[in-house]
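J.: So the protein sequences, as listed, match chains A and B.
Residues 14 to 344 in this note's numbering are what the first sequence lists, from first letter to last.
Residues 14 to 344 in this note's numbering are what the second sequence lists, from first letter to last.
To be clear, the hints were calculated from the coordinates, so they are not data collected in a lab.
Careful, some of the hints might be misleading.
[Unchecked claim] Just a few of them, taken from the derived set where beta-carbon distance is under 10 Å, the chain A residues facing chain B:
1) H107
2) E238
3) A244
[What the hints assert, rightly or not] Over the 10 Å line for every Cβ pair with chain A, so calculated as not near, a few chain B residues:
4) I53
5) D99
6) D160
7) R216
8) E243
[To be verified] Each computed DMTMM-like pair below joins lysine to aspartate or glutamate, with the alpha-carbon atoms no more than 20 Å apart:
9) A:K47 x A:D231
10) A:K283 x B:E230
11) A:K186 x A:D231
12) A:K181 x A:E197
13) A:K177 x A:E214
14) B:K283 x A:D333
15) A:K186 x A:E238
16) A:K283 x B:D331
17) A:K186 x A:E197
18) A:K186 x A:E159
19) B:K283 x A:D331
20) A:K181 x A:D213
Even for Gly, the Cβ is constructed at its ideal location relative to N, Cα and C.
2 protein chains.
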Amino acid sequence: MTEARFDVLCMGNAIVDVLTTVPDTFLSQNGLNKGAMTLIDANRAEELYGLMGPAIERSGGSVANSAAGVGALGGRCAYVGKVANDQLGEIFRHDVQSLGIHFETGPLLGGAPTARSFIFVTPDAERTMQTFLGACTELTPEDVPEDLPASAKFSYLEGYLWDKPQAKAALSKAARIARAAGREVALSLSDQFCVDRHRDEFRTLINDHITVLIGNEDEVKSLVEVDSIEAALPLLRPMAGMIAITRSDRPTLVLRGEETVEVPVPAVAKVVDTTGAGDMFAAGFLWGLTNDLPLAKCARAGQVCAGEVISHIGPRPDADIRAMVRAERGL
Amino acid sequence: MTEARFDVLCMGNAIVDVLTTVPDTFLSQNGLNKGAMTLIDANRAEELYGLMGPAIERSGGSVANSAAGVGALGGRCAYVGKVANDQLGEIFRHDVQSLGIHFETGPLLGGAPTARSFIFVTPDAERTMQTFLGACTELTPEDVPEDLPASAKFSYLEGYLWDKPQAKAALSKAARIARAAGREVALSLSDQFCVDRHRDEFRTLINDHITVLIGNEDEVKSLVEVDSIEAALPLLRPMAGMIAITRSDRPTLVLRGEETVEVPVPAVAKVVDTTGAGDMFAAGFLWGLTNDLPLAKCARAGQVCAGEVISHIGPRPDADIRAMVRAERGL
């Protein structure tokens, strides 16, 4: 196996977040499913935007957030995702490339605009997402250069892309190439409702290609269709070589064969907005793996990154997470 | 005089801010004038964007920020400013209109894109602005409906618009209509370098039309060309019926005839980003005037709004400034 050119290749929906704070009544009045990511069409996007107050725009997209995290940690990172040839697309591209991340996916010309996700943050810091996928849905296997998955230690795939056949085909292609080259392939389960939609396909994908599975408690329980994490663990264990399970402020679990590593979560002074928590955990965890750190340190790196991002509005780091993670490495 | 339809009509450059944090060395390496607003062209904008890290996009524009503040305080507000028919223009329009602010200026079609201001926030919370005016420069007198300045208690004009002849003509038109209708006209001095560029015209404008002048210490000193605020006060006093002077964390001064009201500034726990401080002071101050509050209370309302906006990234309020100002009214 040749020397890897990248630590992590990230592939996902290229989205600009439109973040605003709302009272809980806003969610109930507009029939929004709290805590979940719901796909909406262009008309509903226009309608919701008309209902919401002033917002902040910030590049997002689940696995793109992870890419930003890996880049901010100093990892060598590449990204594949589809924006349109418009202002939001330029913003997204800038924010990824300015972190030194390789991002050469061509923009969609003359089609749907760049994706946006309206993110409603409630006083309890929970985020509820309504996503118009726009140009994202036009990601195709042709957007995956043959040499990219083969030259990255890890390919990290976004489960949300299973919502569109062409995008799914693009990720499957990347997974096949990566595994054929002897590389690791990680999957984000993205969202429990996403797992509900694609459970059987996810199980097949995981069985065929995935070496590292990353999800939260609700997502992994949905994957194996049981109600308790205790019942889920023995079912999950044989599915992938390594499984990292985040559980909000309860200890993170990492399964590897029969081994279980349980890592308590450091306290966060004030949780403002949980957007990006799982994405930043994945960034720190994968960065740790690419640096051959012990599993507990990988998980702690993820926790530190997640702790930073939930302490402010927006899904990407504001503070110097590289220094924060380095300070924790004495773990 | 008929009943006013609006409390404040705000007119200014319609800008989307692109905010990022940088070390001081970034400013020196790129020859940026710390603390100032500098105009840049499209090429320089592209170059600077390529040099800067990930950013947050948020609607800005000095007097547009004040409009957002007046709207958030519950004032009846209108806005006149020029965006393009593009995504950033839609974002700007949404963020203004979603506060219930009347904003009907038609977008520029097929011309320059919506203005953006790159705002570099240094660790000392100072902001340095590099602004590409784009569509803003196409604001013309035709964009000022005859009935608007006549139907607002106050028209609030942005000094920055003197940088472009047509925009200047638009504001002069509004000032003339407002005064002819017996309304108040307020001017923001915007920036000490803006005052340097337009000192003589500003003096003529103030003499002819302005009843309320708003600026910080550096701006008013530049206006009367003296080095100390003590020397400036007697020169300023006869220029306008009322003059409000902000002085960072030192007491705000309000001059009215021979009267001087000095209002100490409440402490702010942590200053994060001073972007919008002057704009939000103006919002609270004008809102107080439209509610016939005593001058000290007007100034305090302005200080409370400014205190909120400097405690987070971005030029517009995050918290409920209406409740915050109401809590201070026992002053």
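J.: All the hints need checking, so say for each whether the structure fits it.
T.: A quick look at each hint next to the structure:
Interface hint at A:H107: satisfied, since its Cβ lies 6 Å from the closest Cβ of chain B, which is below the 10 Å cut-off. Taking 10 Å as the C-beta contact cut-off toward chain B, the hint placing A:E238 at the interface is violated, the least distance being around 39 Å. A least Cβ separation of about 41 Å between A:A244 and chain B goes past the 10 Å threshold, and the interface hint is therefore violated. At the 10 Å boundary, the C-beta of B:I53 stays outside the reach of chain A, the nearest C-beta of that chain being 16 Å off.
For B:D99, the requirement that its beta carbon stay farther than 10 Å from each beta carbon of chain A is not met, with the minimum near 6 Å. For B:D160, the shortest C-beta to C-beta distance to chain A comes to about 26 Å, beyond the 10 Å cut-off, and the non-interface label holds. Listed as outside the interface, B:R216 is consistent with that label: its C-beta sits roughly 36 Å from the nearest C-beta of chain A, beyond the 10 Å cut-off. The Cβ of B:E243 sits about 40 Å from the closest Cβ of chain A, beyond the 10 Å cut-off, so the non-interface label holds.
With a CA separation close to 14 Å, the supplied pair A:K47 and A:D231 stays within the 20 Å bound. Note on A:K283 and B:E230: the hinted pairing is violated, with a Cα-Cα distance of about 37 Å set against a maximum of 20 Å. A distance of roughly 28 Å separates the Cα atoms of A:K186 and A:D231; the hinted pair therefore is violated under the 20 Å criterion. Only pairs whose Cα atoms come within 20 Å are accepted, and A:K181 paired with A:E197 is accepted, the gap being roughly 18 Å.
Among the hinted pairs, A:K177 with A:E214 is consistent with the structure: their alpha-carbon atoms are about 13 Å apart, no more than 20 Å. The suggested pairing of B:K283 with A:D333 holds, with an alpha-carbon distance near 19 Å, which does not exceed 20 Å. For a cut-off of 20 Å, the pair hint linking A:K186 to A:E238 is broken: about 28 Å separates their Cα positions. For a cut-off of 20 Å, the pair hint linking A:K283 to B:D331 stands: about 16 Å separates their Cα positions.
For a cut-off of 20 Å, the pair hint linking A:K186 to A:E197 stands: about 14 Å separates their Cα positions. The suggested pairing of A:K186 with A:E159 holds, with an alpha-carbon distance near 9 Å, which does not exceed 20 Å. Note on B:K283 and A:D331: the hinted pairing holds, with a Cα-Cα distance of about 16 Å set against a maximum of 20 Å. Between A:K181 and A:D213 the CA atoms are separated by roughly 14 Å; this keeps the pair inside 20 Å, and the hint holds.
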